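S.K.: The listed protein sequences derive, respectively, from chains A and B.
Reading the first sequence from the start, the letters are residues 113 to 355 in this note's numbering.
Reading the second sequence from the start, the letters are residues 165 to 414 in this note's numbering.
No wet-lab data here; the hints were simulated from the structure.
Hints are supplied without guarantee of correctness; some may be wrong.
[Said to hold, decoys possible] Reference listing, derived: stretches of chain B covered by chain A, where coverage requires no fewer than 3 residues with Cβ under 8 Å from a Cβ of chain A:
(1) 249 to 257
(2) 264 to 275
(3) 313 to 322
[Said to hold, decoys possible] Computed list of chain A residues with no C-beta within reach of chain B, every gap over 10 Å:
(4) R131
(5) K254
(6) Q276
(7) N299
This one's a predicted model, so the numbers in the text were calculated from it and none came from an experiment.
A virtual CB, placed ideally from N, CA and C, is assigned to each residue, including glycine.
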Amino acid sequence: MSVTDPITDGLPHSLLEARDLGRRLSRDAAVSGISLTLNRGDVVGLLGLNGAGKSTTLRMLCGVLVPDEGDVTVNGFAMADNPLQARQHIGYLPDEPPLYNDMRVNEYLKLSGRIRGLRGHKLNERQQTVTEQCLLQDVESKLIGTLSKGFRQRVGLAQAMIHQPALLLLDEPSNGLDPQQLDSMRNLIMDMGRSATVILSTHLLAEAQAICNRVVIIHAGKLVADRPATGADLELIFHGATT
Amino acid sequence: MIAIIARHECTRLLHSAQTWIMAALLTALFGFLFLKHLEGFLDVQTQLAAQDHPVGLTGYMSVRYLEPLALVFTLVAPLLAMRSFSDEFRNHTHALWQSSPVSSMALVAGKFIGVFLVLTLLVILATGMLVSMQVFVSMDSSLIASATLGLLLCTSACAACGLFFSSLTQHSLVAIIASLSLLMFSWMLGSGNFTAAPMQSLAGLSIANHLRGFFQGYVQTGDIAFFLLMTLLFLCLSVTRLDAMRQTGR
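Start from the sequences, fold in the hints, and give me the full structure.
M.R.: As structure tokens, then:
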């Protein structure tokens with residue numbers, strides 16, 4: 113699904129291209145032969161059992177981990193040749209949000225914006241926007257260390273989207289959230305999916321079905337299925353692909 | 165980008181209780197040593213004045229008060245730098261930098277400058293006590309400037325060393341033990357009377373040997389180059405380590 117016209121935009125149609133990604137951690141191959149193309153407007157669920165290689169794949173896609181094999185291109189920039197330009201288009205929320213407990217939420221968001229090149233009025237405007245989007249108004253002057261798990265996830269998400277990245281990579285964003293927090297996190301991700309391409313890893317099939325328009329299943333480090341999220345029994349497909 | 169990271173690091177240190185406790189203890193130590201050696205000078209000044217080349221207040225205080233402080237800064241600099249990267253690894257905040265458009269070089273340079281700025285304040289505090297004597301007596305400003313330069317260069321090299329060891333581990337205690345072991349070894353190289361050729365060349369790597377001149381008013385390019393190269397070496401090693409983390413994943 114594409115929400116922008118690549119011809120009028122003058123931008124490459126596919127936002128992310130990963131070709132034959134392979135990575136060994138210790139002696140074993142954590143992932144191998146992963147090829148993935150994400151178009152503008154895609155909200156992709158990366159599904160797999162624990163230890164299937166979802167986090168390793170996401171870390172390679174966002175440039176945190178260099179693949180042993182294959183290459184990644186983000187918005188036309190090859191991660192190997194132009195890592196800084198490629199990372200400028202990415203927002204990443206790891207499974208453990210990268211938060212400074214001794215900073216206040218607004219200070220942290222300012223820092224996150226500044227290191228992504230935002231300054232002055234634009235920085236204040238974006239900080240205000242993500243604070244509202246992530247419903248952080250009531251805690252913006254609180255120390256991050258004092259926040260609940262749900263708010264910490266929201267702050268992590270806010271830092272990932274402060275620079276309006278074209279591509280958002282979320283590693284198990286609903287991990288450890290209670291049902292109410294889970295619901296508001298889903299709404300937030302669906303909101304983000306309107307303006308950015310999102311790829312989120314999860315092992316919750318219901319979550320993928322509710323949020324995503326496409327699912328990619330990884331099993332034992334290999335991509336075993338890539339299909340639309342709707343119109344099929346996802347549970348059946350998942351069990352078929354992972355057993 | 166470097167300025168943003170330096171500001172963040174500097175603010176982080178200035179918000180830490182550990183930094184202020186260390187600053188308070190150092191102020192007490194500087195004050196004690198300063199007054200002790202000032203009193204010592206007053207006791208011996210008539211004997212010193214009788215010498216062929218009498219040593220003035222600045223010369224006396226530079227060698228007796230400022231030179232030993234170089235050893236204090238050798239301990240303090242890695243203590244301030246030890247948490248720079250290890251805390252980031254332990255708290256999982258390093259992913260913020262790794263996924264941002266920030267190069268490893270900018271990250272290392274920013275963190276180093278942040279730590280060095282805080283250390284510079286402490287060096288100014290130490291030398292400021294001597295400078296304050298200018299109100300009462302005439303002081304040798306060039307000697308104070310040369311001693312301050314020596315302290316700053318030594319502090320910079322030790323901070324870079326601490327930063328490097330901090331980039332190797334998520335345990336700041338391991339980082340401080342490793343950096344202090346190396347730095348103390350370098351100090352000890354200058355205290356031995358080596359006769360064998362290989363040991364004599366090792367003595368060339370001694371921090372103490374390269375510092376001595378600064379406190380006697382001799383600023384030698386070789387000594388400046390030693391500390392600058394030592395700083396640069398550890399910063400480059402830190403950059404290499406951070407880049408290697410993307411390759412190895414840990």
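S.K.: Please go over all the hints and tell whether each is borne out by the structure.
M.R.: So, going through the hints one by one against the coordinates:
no., hint, in the structure
1, 249 to 257, "holds (count 3)"
2, 264 to 275, "holds (count 4)"
3, 313 to 322, "violated (count 0)"
4, R131, "holds (19 Å)"
5, K254, "holds (15 Å)"
6, Q276, "holds (14 Å)"
7, N299, "holds (24 Å)"
Violated hint: 3 only; the structure is consistent with all others.
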